[in-house]
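So the sequence lines, in the order shown, correspond to chains A and B. Take 0 as the starting number for the first sequence in numbering that gives the first Met the number 0 and just add one per residue. Take 0 as the starting number for the second sequence in numbering that gives the first Met the number 0 and just add one per residue.
Misleading hints may appear alongside valid ones.
List of simulated lysine-lysine pairs, DSS-like, C-alpha gap at most 30 Å [what the hints assert, rightly or not]:
hint	chain 1	residue 1	chain 2	residue 2
1	B	K301	A	K139
2	A	K223	B	K303
3	A	K349	A	K10
4	B	K303	A	K87
5	A	K58	B	K312
6	A	K58	B	K380
7	A	K475	A	K349
8	A	K58	B	K486
9	A	K58	B	K303
10	A	K62	A	K349
11	A	K123	A	K139
12	B	K283	B	K303
13	B	K312	B	K410
14	A	K104	B	K486
15	A	K418	A	K360
16	B	K352	A	K62
Partner residues aside, some chain A positions facing chain B, computed with beta carbon under 10 Å [to be verified]:
hint	residue
17	Y91
18	Q366
19	F449
20	G452
21	K453
Keep in mind the hints are simulated off the structure, nothing from the lab. In this text, a Cβ means the ideal position worked out from N, Cα and C, and glycines have one as well.
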Amino acid sequence: MTMLDPEVSAKYEIVVGLEIHCQLLTNTKIYAADANRFGEAPNTNISPITLGHPGTLPKLNKKVVDYAIKMGLACGCEISRENSFERKNYFYPDLPKGYQLTQDKAPICVGGGLEVLPKGAAEKVYVPLNRIHFEEDAGKSIHSETEDVTLVDLNRAGTPLIEIVTEPAIHSAAEAGAFLTDVRQIVRYLEICDGNMEEGSMRCDANISVRKYGAPLGKKTEVKNMNSIRNVQRAIDHEVERQIILIEAGEEVISETRTFDANTGTTAAMRTKEELNDYRYFPDPDLSPLFVSEEWIEGIRTEMPPLPADLVQKFTQEYGLPAYDAGVLTETKEMALFFDAVCQQTQNRKAASNWMMGPIKSFLNEQGGDIKNFSLSVDQFVGLIELVDAGKVNFSIASKEIFPRLVADKAATAESIAKAQNLLQDSSEDTIRPIAEAVLAEMPDKVTAFKKGKKGLIGMFIGQVVKKSGGKADPKKAGAILQELLA
Amino acid sequence: MQQGEVQIFTGSPLGVLFLWHVFNFLALKKFNNLTEIQSEISAGALNCEALVKYYLKNIEQQKELNAFLEVYQEEALQEANRIDQKLKDGTAGRLAGMVVALKDVLCHEGHELSCSSKMLKGFQSQFTAPAVQRLLAEDAIVIGRVACDEFAMGSSNENSAFGPVRNAADLNKVPGGSSGGSAVAVQADCCLLSLGSDTGGSVRQPAAFTGTIGFKPTYSRISRYGLVAYASSFDTIGIISRSIEDNALVLEIIAGYEEQDSTVSREEVPAYSTQLLEEGRVKKIGLIRETMESEGLNEEVKAKTLEKIDALKAQGHQVETVEFSLLDYILPTYYILTTAEASSNLSRYDGVKFGYRSPNGTDLESMYKKSRSEGFGEEVKRRIMLGTFVLSASYYDAYYTKAQKVRRLVKDQVDQLLSEFDFLLMPTTPTTAFAIGEHSEDPLEMYLADIYTVLANVCGLPAISIPNGEDKDGMPIGLQIVGGAFKEADLYAFSKKLLPA
Numbered sequence: 000m001t002m003l004d005p006e007v008s009a010k011y012e013i014v015v016g017l018e019i020h021c022q023l024l025t026n027t028k029i030y031a032a033d034a035n036r037f038g039e040a041p042n043t044n045i046s047p048i049t050l051g052h053p054g055t056l057p058k059l060n061k062k063v064v065d066y067a068i069k070m071g072l073a074c075g076c077e078i079s080r081e082n083s084f085e086r087k088n089y090f091y092p093d094l095p096k097g098y099q100l101t102q103d104k105a106p107i108c109v110g111g112g113l114e115v116l117p118k119g120a121a122e123k124v125y126v127p128l129n130r131i132h133f134e135e136d137a138g139k140s141i142h143s144e145t146e147d148v149t150l151v152d153l154n155r156a157g158t159p160l161i162e163i164v165t166e167p168a169i170h171s172a173a174e175a176g177a178f179l180t181d182v183r184q185i186v187r188y189l190e191i192c193d194g195n196m197e198e199g200s201m202r203c204d205a206n207i208s209v210r211k212y213g214a215p216l217g218k219k220t221e222v223k224n225m226n227s228i229r230n231v232q233r234a235i236d237h238e239v240e241r242q243i244i245l246i247e248a249g250e251e252v253i254s255e256t257r258t259f260d261a262n263t264g265t266t267a268a269m270r271t272k273e274e275l276n277d278y279r280y281f282p283d284p285d286l287s288p289l290f291v292s293e294e295w296i297e298g299i300r301t302e303m304p305p306l307p308a309d310l311v312q313k314f315t316q317e318y319g320l321p322a323y324d325a326g327v328l329t330e331t332k333e334m335a336l337f338f339d340a341v342c343q344q345t346q347n348r349k350a351a352s353n354w355m356m357g358p359i360k361s362f363l364n365e366q367g368g369d370i371k372n373f374s375l376s377v378d379q380f381v382g383l384i385e386l387v388d389a390g391k392v393n394f395s396i397a398s399k400e401i402f403p404r405l406v407a408d409k410a411a412t413a414e415s416i417a418k419a420q421n422l423l424q425d426s427s428e429d430t431i432r433p434i435a436e437a438v439l440a441e442m443p444d445k446v447t448a449f450k451k452g453k454k455g456l457i458g459m460f461i462g463q464v465v466k467k468s469g470g471k472a473d474p475k476k477a478g479a480i481l482q483e484l485l486a
Numbered sequence: 000m001q002q003g004e005v006q007i008f009t010g011s012p013l014g015v016l017f018l019w020h021v022f023n024f025l026a027l028k029k030f031n032n033l034t035e036i037q038s039e040i041s042a043g044a045l046n047c048e049a050l051v052k053y054y055l056k057n058i059e060q061q062k063e064l065n066a067f068l069e070v071y072q073e074e075a076l077q078e079a080n081r082i083d084q085k086l087k088d089g090t091a092g093r094l095a096g097m098v099v100a101l102k103d104v105l106c107h108e109g110h111e112l113s114c115s116s117k118m119l120k121g122f123q124s125q126f127t128a129p130a131v132q133r134l135l136a137e138d139a140i141v142i143g144r145v146a147c148d149e150f151a152m153g154s155s156n157e158n159s160a161f162g163p164v165r166n167a168a169d170l171n172k173v174p175g176g177s178s179g180g181s182a183v184a185v186q187a188d189c190c191l192l193s194l195g196s197d198t199g200g201s202v203r204q205p206a207a208f209t210g211t212i213g214f215k216p217t218y219s220r221i222s223r224y225g226l227v228a229y230a231s232s233f234d235t236i237g238i239i240s241r242s243i244e245d246n247a248l249v250l251e252i253i254a255g256y257e258e259q260d261s262t263v264s265r266e267e268v269p270a271y272s273t274q275l276l277e278e279g280r281v282k283k284i285g286l287i288r289e290t291m292e293s294e295g296l297n298e299e300v301k302a303k304t305l306e307k308i309d310a311l312k313a314q315g316h317q318v319e320t321v322e323f324s325l326l327d328y329i330l331p332t333y334y335i336l337t338t339a340e341a342s343s344n345l346s347r348y349d350g351v352k353f354g355y356r357s358p359n360g361t362d363l364e365s366m367y368k369k370s371r372s373e374g375f376g377e378e379v380k381r382r383i384m385l386g387t388f389v390l391s392a393s394y395y396d397a398y399y400t401k402a403q404k405v406r407r408l409v410k411d412q413v414d415q416l417l418s419e420f421d422f423l424l425m426p427t428t429p430t431t432a433f434a435i436g437e438h439s440e441d442p443l444e445m446y447l448a449d450i451y452t453v454l455a456n457v458c459g460l461p462a463i464s465i466p467n468g469e470d471k472d473g474m475p476i477g478l479q480i481v482g483g484a485f486k487e488a489d490l491y492a493f494s495k496k497l498l499p500a
């Protein structure tokens, strides 16, 4: 593909709408009591209901409604009091009933939206939602690479999904990426979906079109098969470029479904046959309309966890942290709540933040662990911060020597480790003065230089004293003694 | 049985036992209700084993009726023995002594469920419908699975993949449909009672054609779980019996809330069987003018209906003729909505997971097309295509949406009538049973057989067909009474009074 002149692409507005499917973490399926579990032997969680046996009827799992309402409240949607269920009819081997039970005319959540900050942007943009509805997932068709067969695993059939549909109001790949990142973060905060795009528990289709500014909407293509947020952005970038090149060449964009190839970063048309489906939506007569009461919604509202945006606000405004810190600290709910608990016990929040973003994060990364199973207690952590604040150990010793031991021993405190390991800083004149004298004696050149005006060397002298003391010398005290000796 | 053979055994205790059975066997006559059976059992003159053998013999001797697709001979006898023991122990359920047949659209664990279709031939259900389960829990004995129109679509039972069922009153005539096998099984004394399903008259119309009692309860009165769906917003399980008492007792047992059907009513189930003694209040009965003036209404059927009306008037009941302008729209509304639902309900029969798969498919699409073309019969395919058409994007509003609106109008108008009248009364069918093959060329003519029965399904109301004499050829005539929603008890009590004591 030829490269596009930036001046040409600048004439075009990008219009993207996203459809995000999230598999819900309920114990059972949406319309049957089968276990809703990922990764089991094929075709094991399949009752006659899941298989669509004659005579079976769906029975709605109310947890699915709870989860959809949670997401709706998190996105500021209006929650529908009266819900209907529709059948979307089509034939496919992994769709046992020959129709998918979904919501068409009266979805559970209407409107709403999220304010997101695209990477590199100075200001937030608002992405409005059209709706959130719930529906059932289909099974999995596995096309064999070695044999001319397709295998069907129906374990996934009937897995509850919510589909989050945005308005066509996203105007760049970066906006789409920021929106997806926030959605993933929210579903994880709400614990309704694990948000894992690689495993397909969160999936995204993008409706992409371009138009010259002020012109009517262009023809859109629907791009599927992107298994990461990055790939969604790549697909948008590619598709936008492809469409602009077509239009510039006087050709037409064909409204079609395209599939993204992560290896090449390009999209290709899917068989047009699949485009000719008339889904013949109509109200499902097996499920009565669902009425959601005010009490139901209020019950869920009171159970809502704090959301990332609320916590960012709290961390910046109440705790006075930089926006960057707040962003990192709220990446996961567990991290944010741990940090918040720490902040209840210490006023040195910036120190706590530095600890979280530095040693704690790298420790977790190295261990491949999760803060969920982090063994450090809030009290231990606060003790560690206080030990440094009190000047009893320096940060370096605390992070290198005390922290690893503290993590390994639930019963220990930072102070008990410092004592046991003989790490407490020594600020006594008697200990530090001889060391300082020895350091200066070893470096007459530097002393001369200092005396000639290179006052910056004081830091180096202090460092040497601390080093010689095995890290125990209090740098402040060492500095004072050195100044005195050098005067 | 040769007399000489019997004598051989008379000397031994085994021979005495054998003779006792032979005696009972020979003594058995047609039982008209469960009370008769249960009183003979308590008197020691009958047991379930003998009763089951009696029905097995009747089935065997009338094979030409083609009502039974499968007879559970051994299982029924085993059950009979088990229940006989329970009777001795005093632990038997309320339906001990009731032998029933099940329409081939009701799920019965470990038993074939073919919907009288090649599509499901050999398919075994993995669970039992709650309605059937409730019968079994009260010690009813299932004697077999009876034929119907394929997937319950039809009015003559000619649409069965396993051959037409014949009317026991005249083997050349149809028994009606779709629950034709259920009706004939009761008519021909092959069981005491049967379950069918009623989507547009499929229990009442065959009941009328066979001189039995056919009851369709209010929509949602009985759980539909385990009833193979034809048109979900119309389908009900229905009951065909010889007596009102049995019918009421069975409804009492199988009706009511059940958690697997989210459309089933939570309305309390009255003890129908003990509420059959009607208080003497004068009833207001509406007679829909359009039904009596309908062009297709046979003179003899009309005359019998009018006779009944005169009798009612003579008893002091008020019978009034009322207008019902929407009658002509009911049948089209019914066919648009039921076929729409059916086209979707029957999508699951695709050859992938169970049921018939054509050996002629070469790829996925041709496997679908061939499996469905070869597995379904003509009428089922006709309705699937009709339903697919009315749901298609370009016609949805013109047909499906409009039919939904008409359904609402019809329901409002009928509800209005039923706020003024206790019952609506009309013939069950415009004619008596017609000859096999008579309407098979013209589906529209066949659809007219349901013209009076679809009303109750469109409105979700309870309705009953009771015998109302015979025509000059001896073919039964049915009378239909439609009641208000959940007024089953009134309907039973009133019907009982209309039947000869």
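**Report entry** 30 Å limit on alpha-carbon distance, applied to hinted pair K104 of chain A and K486 of chain B
**Finding:** 34 Å, violated
Report task. Verify the proposed pairing of K62 of chain A with K349 of chain A, using a straight-line Cα cut of 30 Å. Result -> 40 Å, violated
Requested in this report: Sort out whether K303 of chain B lies within 30 Å of K58 of chain A, counting only the CA atoms.
Outcome: 46 Å, violated
Query raised in the report: Between K223 of chain A and K303 of chain B, is the straight-line Cα distance small enough, at 30 Å or below?
Result: 67 Å, violated
Query raised in the report: Does K58 of chain A pair with K312 of chain B here, judged by a C-alpha cut-off of 30 Å?
Result: 48 Å, violated
**Report entry** Hint consistency between K303 of chain B and K87 of chain A [alpha-carbon to alpha-carbon, up to 30 Å]
**Finding:** At roughly 48 Å apart (the allowed maximum being 30 Å), K87 of chain A and K303 of chain B break the hint.
**Report entry** Restraint check for K475 of chain A with K349 of chain A, where alpha carbons must lie at most 30 Å apart
**Finding:** 21 Å, holds
Query raised in the report: K349 of chain A and K10 of chain A: Cα distance at most 30 Å?
Result: 45 Å, violated
Query raised in the report: Minimum Cβ distance from F449 of chain A to chain B below 10 Å?
Result: F449 of chain A check fails; min Cβ-Cβ to chain B is 85 Å, beyond 10 Å.
Query - Evaluation of the interface hint that places K453 of chain A against chain B, nearest CB under 10 Å - result: 82 Å, violated
Query raised in the report: Taking 30 Å as the top limit, are the C-alpha atoms of K418 of chain A and K360 of chain A close enough?
Result: 26 Å, holds
Query raised in the report: When you check the alpha-carbon spacing of K58 of chain A and K486 of chain B, does it fall within 30 Å?
Result: Given that 30 Å is the threshold and the Cα spacing comes to 28 Å, the pair holds.
The structure fails to meet hints 1, 2, 3, 4, 5, 9, 10, 11, 14, 18, 19, 20, 21 from the earlier list, while all remaining hints are met.
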